[in-house]
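Chemist: Residue strings, one per chain:
Number of protein chains: 2
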Amino acid sequence: MKKKDFKGFPFIEGGVCAAKGFKANGIHCGIKQNGDPNKNDLAVICAEKPCTAAAMYTTNKVQGAPIAVTKRHIADGFAQAVIVNSVNANTCNADGEEKAEAMCEALANELNLKPEDIIVASTGVIGQPLPIEPIVSGIPALVRGLSVTGNTAAVNAIMTTDTVPKEVAVEFVIGDKTCRLGGMLKGSGMIHPNMATTLTFLTTDCDIDAGLLKNALREVVFLTLNRVSVDGDTSTNDMVCILANGDAGNAKITKDDENFAVFKDALYTVLMNLARMMARDGEGATKLIECLCDGAPDDKTAEIVAKSVITSSLFKAAIFGEDANWGRILCAVGYAPVDFDIHQVYVTIGSDKGVILVCEDGAGVGFSEEEAKEILSEEEIIVHVTIGKGEGFAVAWGCDLTYDYVRINGDYRS
Amino acid sequence: MKKKDFKGFPFIEGGVCAAKGFKANGIHCGIKQNGDPNKNDLAVICAEKPCTAAAMYTTNKVQGAPIAVTKRHIADGFAQAVIVNSVNANTCNADGEEKAEAMCEALANELNLKPEDIIVASTGVIGQPLPIEPIVSGIPALVRGLSVTGNTAAVNAIMTTDTVPKEVAVEFVIGDKTCRLGGMLKGSGMIHPNMATTLTFLTTDCDIDAGLLKNALREVVFLTLNRVSVDGDTSTNDMVCILANGDAGNAKITKDDENFAVFKDALYTVLMNLARMMARDGEGATKLIECLCDGAPDDKTAEIVAKSVITSSLFKAAIFGEDANWGRILCAVGYAPVDFDIHQVYVTIGSDKGVILVCEDGAGVGFSEEEAKEILSEEEIIVHVTIGKGEGFAVAWGCDLTYDYVRINGDYRS
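Protein sequences, first through last, are from chains A and B. All residue numbers for the first sequence refer to our numbering, where the first residue is 9 and numbers rise by one. All residue numbers for the second sequence refer to our numbering, where the first residue is 9 and numbers rise by one.
Treat the hints with caution; some may be incorrect.
If several chains are the same, the list does not tell them apart, and a pair holds so long as it fits within one copy or across any two.
[Said to hold, decoys possible] With a Cα cut of at most 30 Å, we get these calculated BS3-like pairs of lysine-lysine:
(1) K12 - K79
(2) K308 - K69
(3) K40 - K381
(4) K381 - K47
(5) K381 - K69
Read the hints as simulated data drawn from the structure, not as lab findings.
Modelling step: build the complete structure from the supplied sequences, incorporating the hints.
Modeler: So, in structure tokens, the structure goes:
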């Protein structure tokens, strides 16, 4: 999938290892009995020195045990390493926190850190006891293999129903220093806007104040990860975290100035691309749907409308069928809980193959079904909804609803 | 599908013709070019004399033209006939209201009524001009065929992606008089709680005050039709209406007394069964999912939780796969926008084959996967979620998410 430029930052390789001073690794430790030995299930990210850290978590009231533990560990604003497993979410288990702490202790022992320096995350099936032995037994080998090219093994370890690894990194300049910010993300089901809706790990060598790092993460997550929906289900385990080690040697960003703006733009570029990759690789998806809403009285209204369109099961199924059934777009706009004048609604559907106007002043306009089919044959579909004459604007990302979504989720546990 | 008893009212045949003094009919008038001549697309319901009438409509801000017209016609609290077409929703068309009025005029002419006595409804594709000629040309034959057994032809005419007709009627006693209340309903996609979410037509020969009729309809719709979701999409055209002609000769119900309670119970029995039939016949569905939530601080909280469970795509797909993936139930409970203590959550999954406890005090309990498979092999699945020690209680109905939902909606317009 082609990366999308935002403000001209060069894309670089390396994911969570793109920034100086970070190593990573991933291994198959065998959390699932008779699991595929070529699919990793345990990853580590490690910095050479303590990092400023910030994180955001799912808004689901049922939360995975690792989230409670990470919240405690990160309370002081610092962390140095991340441990994460797939296969089992360690959620709704009586001994969940104990085991999440045990993961941190085992990693801390190997790295000669304190458990409180570790961020822990899990993803997978909810409500089955986490097999802790393979994890603890695997950690020594996991740590031995840490390297500056370990991002590939690490991203493999966090994939569940993802079909492709998702990594993005960029370079940017603060003062006279080049900084790097990169990350990895997993989807692809139980994905719905409301906090990160997925696991995302970010690293940067930019030197930045802890409060500003937190503010930047929050602001950008709301514009990117929180604008994605695959299936309307907000997971119990989602987390996005960022570690900043200052190794780029830039003059520390300590206030809301132009350098902070550059940092946020770089973060936006990485998270926007990860968000698009997540939507495109939604469970069973064959297409990315991007919905732009403008003309709204404010950005929040635009966001509600854009999200309503990309979460409509009926519209998602129509896009899978490459059917320009724009009535379903109007329907989804109409049940969004916002006020607007239907007679001011315009809708276009587009892709790299062209753009067609399908609705003007709230009523249908004639268009060539053949041209529509051609446009919808592409993998990235852009729906543009104008709902009035205001300045409010938002983008949201989703995917089509397919047979494979049903297949994947009809028997996920087996 | 077996009808579900509520307060012991005998079920009777006849649908919208079960009540005395009502006739109905349905024909194929040919709204769709080369449509199946054996599938009706135009229906009428007609009373011998003016009826007390009440209706409720979709909350979608994009509303079909027939809704605007019906609202005007019913403003005086009276109506005598209903005309409804399928195939085309007559929504988002510049000339929509004009054509909806034309349908009423044509029927009024044939029946020797005023257009303002007519309720009009449409269902089908949004945003394509309604072919009015076949409707107007068909109305004379439609009216000639009116009969007290015409409910079967009428219910056939309102079906779209429905696979079975949906009719329920009951008898009840007010004073010393036997009354009847019956109706028909269509699903099966774009179905989501928030007002009727479907087309439903009800008739009764019970004599009842107009204000009480309206109150009863509102109260019972919130407990039945508004508790159903097939796909989370609230349609633009949904309507439920009831006509009461008083032909049973009972002492008119004029206050909130025990007779009014009986009337509401009869209405609940009919609408609850229609709601269950709609959910069971949701697009592509193979199973009915009934979610009971209790222990909530109030009924509204219980309703929000129950609806959250039955609308979860992930849980719906798991039920299709007959997979007791109860973690997805907990996840859906957790993202419902209500407060509760996860440590007080109990969940059971049941059917006619038995019941298993899957979650106790918010954590998983061991259960036999074999027994779970056996239970989930049934067509009616009951999920019971207890979220505390309160008195609040609610039931909601949904269906599984299947390959056929995707197939049906991937190319609906063709």
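Chemist: Hints first: check each against the structure and report whether it holds.
Modeler: Right, here's what the structure says about each hint:
Taking the closest pair of Cα atoms, K12 and K79 never come within 30 Å of each other, the shortest separation being 33 Å inside a single copy and 49 Å across copies. In this homomeric assembly, K308 and K69 come within 30 Å of each other (Cα to Cα) both inside a single copy, at 23 Å, and across copies, at 18 Å. Taking CA atoms no more than 30 Å apart as the test, K40 paired with K381 passes between copies only; the shortest distance there is 21 Å, against 43 Å inside one copy. Proximity of K381 to K47 under the C-alpha cut-off of 30 Å is restricted to the inter-copy arrangement: shortest distance 29 Å between copies versus 38 Å within a copy.
Taking identical chains as interchangeable, the C-alpha atoms of K381 and K69 lie at most 30 Å apart only when they sit on different chains, with a minimum of 29 Å there against 42 Å within one chain.
Of the numbered hints given earlier, the model fails hint 1 alone.
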